[in-house]
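J.: Sequence:
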Amino acid sequence: MANVIAKPRHPTDNWEAKLDEWLSEMNSVVEEATKWAGTRGWSTNADNKTITEEVIGTYAAPRLLIHTPGARFLLDPIARCVVGAEGRFDLCVIPSYDAVPLVKIDGGWRFLSNGSDGLDLAWSEEGFAKICAQLVPMQ
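Residue numbering for the sequence shown follows numbering that gives the first Met the number 0, starting at 0 and increasing by one per position.
Hints listed in this document are in silico derivations from the structure and should not be mistaken for laboratory results. Even glycine gets a Cβ: it sits at the ideal position worked out from N, Cα and C. One or more of the hints may lead you astray.
[Said to hold, decoys possible] Below, simulated DSS-like cross-link-like pairs (lysine-lysine); rule was C-alpha separation at most 27 Å, straight line: (1) K129 to K34; (2) K17 to K103; (3) K6 to K103; (4) K103 to K34; (5) K48 to K17; (6) K48 to K103; (7) K6 to K48; (8) K48 to K129; (9) K34 to K17; (10) K129 to K103; (11) K48 to K34; (12) K6 to K17.
[As the list claims (entries may be wrong)] Derived CB-CB ranges, DEER-like: (13) E125 to T51: 32 to 40 Å; (14) A128 to E15: 34 to 42 Å; (15) G40 to T11: 41 to 49 Å.
Using the sequences and the hints given, assemble the complete structure.
T.: Here it is as structure tokens:
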């Protein structure tokens, strides 16, 4: 649990195991996005951000900056404890920070776009590419 910065103020049962699982899940998402970006010739840079959650503590979470020929994106972890989901990232285009949420629901990751665009997509290489293109059309 090297990523733990501080224990939770109001710990949930088995908070350490829940945090370990969440850190593993986040690392998998970032690793997949890194791989998918690489297949497109996009460069990436991973670092950590600090997140504090009342029930699982303060921890260092992985995030990913993605450089494409036409834009920069940030795959930004938001939290494990979110309403209606088991975790959330935002995929943002920089500098506007227009974003599409990536949430874990029903045991899998999905993009939840804003309605009529038909881009509520599963977390996959194809879904990742479509959401990036939706956020800023690639040239």
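J.: Which numbered hints does this structure break?
T.: none
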